[in-house]
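Using the sequences plus the hints, can you model the full thing?
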Amino acid sequence: MIGTIVFWVAALVAVAAGVEVFRTDSMARASYALAASFVAVGVMLLAFELDYLGVIVILMMVMEMAIMALFMIMLMGMNPALMPMSMVHGKRTATVVAAVVFVGLAAAALLIPWPDRAGAPAADLTRSLGDAVMGSKMLVMLTVSPVLFATIIGALVLGHPRDRYQRYGDDLERDHPDDPIQGGVGR
Amino acid sequence: MPEVTTLQPWWAALAPVTLLTLAAAGAAMAGAQTARRRGDGPLVAATTPLTETWRLLRQRRRVPVAADRVLWHVAVGGLPVVAVLMAVVVPLGSVVLVDSPVGVVWFNAMDVMLWALWWLAGWGPNSTHSLVAGHRFLGLALAYELPLMFALTSPAIAAHSLRLADVASAQQGLWFAVWMPVAFGVYLLSAVAFSSWGPFAVAAHSDLAGGVLAETSGVDRWLVLAGRHLVLAAAALVAVPLFLGGGAGPVLGPVAWTLVKALVVLAVLELSAGRAPMIRPERFAEVGWMVLLPATVLQMLVAAGGAS
Amino acid sequence: MGVTGVRRGIHVLVVAARGGALVRLSVERALRTLGWVPASSPADADLLAVCGTPADQERDAIEQIWRQLPGPRARVEVTSTEALGELLSQAASALEDHELQATLAQEADASAPMGMDHEDMDHAGMDHGDMDHGDMDHGDMDHGDMDHGDMSMTGPGGIALAGSSDDDRDGLEMDVGHVILGAGLPGWPAGLVLRATLHGDVVTGVEVLASPAPPSLSDPAVRAALLVDAAAGVLDLAGWSAAADSARRARDDLMDAAGATRIAAADVARLTRRVRRSVLLRWSLEGPGHRAPSSPAPGSVVRRRLIALLEAAATTLADPQGPAHVPLGDDLALLPELAEGQELASLRLLVASMALDAGVAADA
Amino acid sequence: MTAWAGLGVAGLATAGLVVLVRLASRLAAGRPPLTTLPFQSGHSPDEHALSRYHARWYPMTLLFLAFDVEMLFMYPWALVVAARGTAAIVEMFAFLGVLLAGVVWAWREGVLRWV
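Residue numbers (this note's numbering), protein chains in the order written: chain A, 1 to 187; chain B, 1001 to 1308; chain C, 2001 to 2364; chain D, 3001 to 3115.
If you are wondering where the hints come from, they were derived from the structure by calculation, not from laboratory data. Fair warning: there could be bad hints in the mix.
Derived DEER-like restraints, expressed as beta-carbon distance ranges [to be verified]:
| # | chain 1 | residue 1 | chain 2 | residue 2 | range |
| --- | --- | --- | --- | --- | --- |
| 1 | A | 86 | B | 1264 | 51 to 57 Å |
| 2 | B | 1021 | A | 99 | 53 to 59 Å |
| 3 | A | 86 | B | 1021 | 45 to 51 Å |
| 4 | A | 105 | B | 1256 | 51 to 57 Å |
| 5 | B | 1041 | C | 2100 | 47 to 53 Å |
Note that beta-carbon positions come from the ideal geometry of N, C-alpha and C, so glycine has one too.
Here it is as C-alpha cells:
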C-alpha cells in the first residue's frame, strides 16, 4: 500500500520535474530539475527494493547534475538565468519522435505477454551484483577500465586548454611549470 | 548478522530534534572556543547558540533583487534535511531508525547532496560574493570526494557489508580507526570539508564577505548555520559505527557509548575552526588527487588484505 | 567601558570612513569588551558603526549599506572615543525599541529597490521564446568590446545583464562581471574603494576609485597598534582566526594605557615566531614554494608583508625613537599588476597585507 | 521498502520543522522580507551576478566524471572481496591502476591546476 503510494508520488515528481527542465528560463533550475527527476527515479528503485541501485542513482545523478549545471551555465550562449529562452530544439521532429517512442514502449509494456517470475531474487542483491562483476561479468568490468582511461585522455586532450608544452616550454626546459595559479604539490 | 531492531518508522520523527540537540552541543563547543579567544567568560560562551538563535529568528529576512528564491530556499532548508537523513541510518545500541543494507552508500549519497546545496546557496542570492564562494566549494568537492569514497569503502571491505550495524560489529577487538588510520583521517578531513567548516570553510569565509552567507539574514542564516552544525553532528555520528566500534565499550550501555564517541568526534570537528589557515581549493586539488587518493587506495588494499 | 547590563552578541558592521582608522581601533576594542561580534556583511549586522567623518561620496555608500541591514537595526557615528560606551549602549537600546524599529523598517521598505523575481520577470519586449540554441550564434551576443557604461540592455530590476568577453586567458568566451570592494568588508582599509573586473573569480583589472588617507602618527604604541591590526586583518582573511585574535589582543593592549606596551611587545614577538614557522600558512599562501620567474608570486608577497608588519611593530616598540620606516614599498600603485590573474579572495589578502591604514606610519 | 520508511518520516519531519521555524521567525520578525541590492560596499552593482561564470577548474571535472564511474563497481566489490580472495583484489587494483595512470598523466598536463 505505502509502496504503491510512494511509487506513484515519485513517478509524478519525476515526470513533473522532467517537464520543468524544458519550461524554465534558468540553466541552474533546468539542471537541478533534472537532478530532482533522477532522485525521484532513485526513490522508485528503492520502492522496488533495489537498494543499491536506488541509492547509487541518487548519488551519481546529483553529483553529475551539479557538474552539468556548471557547464550549462558556462557554455550557454546567453545569460543563463535572467533571459527568457526556449530549451527546445527542433520542436516538430522531437515531438514526433517522442510520441512514436512513447506509444511504442507503452504498447510493448501493455501488450507483451510477460512471463511469470521463475526464480526468487537473491537475499542480498548488492552482493550478487558484486559476485556478477567479479565472476560472470568480469569481462565487462575489465573493458570498462580502458574505456574510462580513454575517456580521461580523450576528454582532456579536447577540453584542457593547456598542455605540458605550454607549461614547461617547447622542449620541456623549465624546472617548474608556468601556471597562472600555483598548485599544491611539487613541480 | 548482529541483532538490530528497526524501530517503527514513526520514531524517525524524533530524529531531527535529537540531532539538533547534538548539534547544539557542537555549536556550544565552537562558540566556547571563539569566546575564549576573544576573552569572554565561559557562561557567555556556552549560551552563544541560544542567543544567536534568538537574535536571528527575530531578524528580518532579506532578498536581493532578482534572486533565485526557489533554489535559494531549497539550499537553505535542504541543509538540515540532508543532515538528518545522513544520521538516521546510524544504529544506536540495539535499535536503529533505518536499517539500510547499503547505509555506507546512503551516507555517501547524502554527502554528495551537499555539493548541490552549497552551490545553490551561492547561486540563489544573485550576489557576486556568494556566487564565487559557491563555485569555490565545488572546486574543493572535486578534490575530497574520491578519497572520501575510498575511505568509506575500506571499513565496508573489512566488514564484508555496507550495513552500518554490520560494520560496527565487525570491529570487535580492534577499531577500524586503529588499523585504517588513513581512511579515518580522510573521513574527518572530508567531514570538515563538506560542512564548509574550519580550515575548509571555503563556502562561507570572510575573504568573500561571508561567501554564501553574504546576503543571508534572519531565519535563512539560522538555517544555514544550524544546518552546518547538524551536518557536522551527523558526520560525527556516522564515524562511530564506521571507525570507532559502534556502541561497544565497558560499563556504559551501547547507546551511551555511541553518543560519547560521537561527542568526541564532534569536538574534534568543531574545534578545528580557526586553528589553521584556510586550505584553498587551488592548493588542495593536487593534494587530494596525488596524495590522498593513492593513500586511500593503498589503505583499501590493506583492508582487503586483512579481510581475505 | 562602564556599560553593564547591555545585551551581548550584537553583530556590528564596522565601517571606517577615510581617515577613520584610529577611531575604528577604539570601536573594535569596545566591541570586544562588550562581547559584541564584528559582522562580515550588512546581512550579518544589527548595528552599523561608522568610524570617523565620512566625505559626501562615502556618505552615499554608507546610506546604501544602511539600507541593506535587515533589521532590527541601529547605527552610530563615532567621531571620537569620548562617550563611546554611552553611544553603543544607546544603540543597543534602540535595537530593542519596537516603535523605532517599526519606523525604520517602513523606511527601509520605502527605499528598497524594485523587487524582481524570476517569476514576475517581464517577458514583453525581450521575447526570445522561440529562439533556438542551434540558431544562436555566439557572435550575436558578443559584448566583448562593450563598455559597462553604455550597456544597451537593461535587465531585470533595472540592472544590466553581464556582457561577455572572448579575451580570457584560456580562450573561452564567457561573461565579465564587476565588483566594487570598499567600506564594510572585513579587514578593509579606511577610504579605499576598488572596482575589480572579474572573469569568473579571476581578477583581470583593478581600478582605484578612492584612495585612503592614513593618519599621521607620533605615538609609537599607536603606530605599532595599527601595524598589528593590519596583520590581524591578513590572518583573519587567511582563515587563521586564532592567530588573528592573538594579534587583536596585542593591538588592544597597545591602545590601552602605556603600561601594557611591554606585555604587548612580548605577545607580538611570540606571534611573529608563530606566523613565521607555520608551514601551513606558507603553503596556503605560496603553494609549494617555487614559481616560474616570469610571473609574480602574490601569495609570497602577502606572507612576506605579513611578517614585515609584525616585525616593524616589534621594532617600533623596541626602539620608539628609531626610524619608523616599514619596508612596504609603493603599494597601491603596484596593486593592479599584482592582482591581475589572481582570485578575488587573493585580491582581498593582497590589499589587507598592504596595511594602508598604517601607511603614513611607514614614511613618518 | 519497509527498511526505508523511516527515511521518509525523518525527511518529512525535518522539512516540517524547517517550515515551522520559518513561520515562527516570520511572526517574531513581524515583517515580510526586505528587498535589497546585493552587497557591493554601498555601490550599485554594474550587472547581475548570475551570468556565464567562468569556473577555473573545469578540466578537473572531466577527470572526476570519468573516474567516479568506477565507484559503481567498488561498493559491490567491497562485499565480495573477502569471499573471492586474491583474484578479486588483483582484478580491482588492476582496474584502479589503469585509472590512476590516467590521473598521473592528467596531473602532468596541469589538469589539477586552475586555468
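Each hint tested on the structure:
| no. | hint | result |
| --- | --- | --- |
| 1 | 86(A) / 1264(B): 51 to 57 Å | 55 Å, holds |
| 2 | 1021(B) / 99(A): 53 to 59 Å | 54 Å, holds |
| 3 | 86(A) / 1021(B): 45 to 51 Å | 49 Å, holds |
| 4 | 105(A) / 1256(B): 51 to 57 Å | 55 Å, holds |
| 5 | 1041(B) / 2100(C): 47 to 53 Å | 31 Å, violated |
The structure fails to meet hint 5 from the earlier list, while all remaining hints are met.
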